[in-house]
Amino acid sequence: MSDTVDVDLLLVQKAQKGDSRAFDLLVLKYQHKVASVVSRLVFEPDAIEDIVQESFIKAYRALHNFRGDSAFFTWIYRIATNTAKNHLEGMRRKPSYRGQDIDDVGHFDMPDKLREQDTPDGLLARAQLEDHLQQALRALPEDLRVALTLREFDGMSYQDISEIMDTPIGTVRSRIFRAREAIENELHQVMSGLGRRDQLESV
Amino acid sequence: MTKAHESFSAFLDGEASELDIQRMLKTMSENPEALHQWHDLSKVHAGMQGDVIVDTALEFTDTDVQAPAEKASRFRFRLMQGGIAAAVAMVVVSVVNLNQPNTTDVEVAKAVVTSGQASIAGSELAQQQFEAQQRLDLFLREHAEQASFTTGHAVVPADLEWVEASE
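So the protein sequences, as listed, match chains A and B. Okay, so the first sequence: first residue is 73 according to the numbering used here, each after it adds one. Okay, so the second sequence: first residue is 4 according to the numbering used here, each after it adds one.
Hints were generated in silico from the structure; no laboratory data involved. Remember, predicted model here, so these are calculated numbers, not experimental data. Not one of these hints is a red herring.
Here are the simulated DSBU-like pairs of lysine-lysine, each with C-alpha atoms no more than 35 Å apart in a straight line: (1) B:Lys6 <-> A:Lys89; (2) B:Lys29 <-> A:Lys130; (3) B:Lys6 <-> A:Lys105; (4) A:Lys105 <-> A:Lys89; (5) A:Lys105 <-> A:Lys86; (6) A:Lys105 <-> B:Lys29; (7) B:Lys6 <-> A:Lys130; (8) A:Lys86 <-> A:Lys130; (9) A:Lys89 <-> B:Lys29; (10) B:Lys6 <-> A:Lys86; (11) B:Lys29 <-> A:Lys86.
Only chain B is shown next, with the shape it has when bound in the complex:
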């Protein structure tokens, strides 16, 4: 204990070593009363130097001051909160996209396929879409052929590979 007091005395004079610091910190952990004894020693030093004597050290230890490390952890907590919020937002957007009525089946199929969980369902959907597109093309061709008999106005498919229906 006396060694720790000597270390503190040297610390006041700017003559402390790293070993002194370790010794003082250890003593503070084992004997919290040491702080009061050192505060009294610091008063003697201050009195001889002509400094104004205060009790800040004792009041400071009683004050609930947020530690820098706690601040850092709060920052990490906020980062984590942001990450979770972003993940939730992404999931919501994905779900909304999947449920959009005007979303094409190809996109739906792509989304399902990329999820990696329902690749079979995705390929079925893609197949259905392909067949639907073919049916639509067929209907449009028939419509254009029928319309050509009565009027010059018809909806012509934008397909360059036009194939006339064989009669």
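Okay, chain A solo, but in the shape it has when bound:
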């Protein structure tokens, strides 16, 4: 399998040539990670979504300046933190949150459990999502559950999973996708409540 950075760079190069679909894929891949970074600086869920969107728009407009010296995520990460900082300064608030300095939140680890939101609604939604995810995982056939668990919670590569499960990489890819698809089908209602657009559509 190819390197992540190479694939991202390939998409950036296609987007630089005017293929907006390539940039859509990058947004799909990184939108939630960027939102996680922004959520460490900005509290309001609506503001987080606006800042994430603004960050990607800024990135798209400045894409011709991207030379590939750093990874795409590093670049969009910097744009997002600057956009969040500007937002906070625009709101005349201290550019730090939960006692963290804005420059100290650069790295984010992969938590073992779902990160809690501060609002009661957020806490409830997260708790519900976590419960449903666990239930959906338990309901999966064993081969799918093992493949997805090794990937999502243990962070293993497809190659490693392939060796552990003694199965071809193509099968690993298929199992992980089918596991995600099954969970999505099971949790569609719960998941759709977490995005702003779906919230608006459901009203």
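Dock chain B against chain A, hints included.
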């Protein structure tokens, strides 16, 4: 279609190949709804990773964002505009120079000759200028000779090859 979904799933995990990218782009062209399905898949991935779930991808595609390529073409358009403006300015300056009353006939002749369109007219003008200059020299010499009979003040031509008019 399932292959494209598998490709996207691998893409989320950083395990996609160039072939996967080509497959996804092709699917996006043929089936725009795929973006929504992939967005849902990305939510599952984000939920398990503990990331904050947003709908940016769907909102981004609805937003009218100026493409980088369009920006480049706008820059080229401005360059072209500048070029046209420079060409027009050059033509205006040339026309003004041609119509300047204090412009010497030699310069006018040169301009006409370099245009390459009226070389015959240019040579006639040059000839006329040469003859006019000769007449002026002649007048100045006669004036100097006449003036020398009455007073010491005269306009002397700055021509070193002074030839006295023979009487």
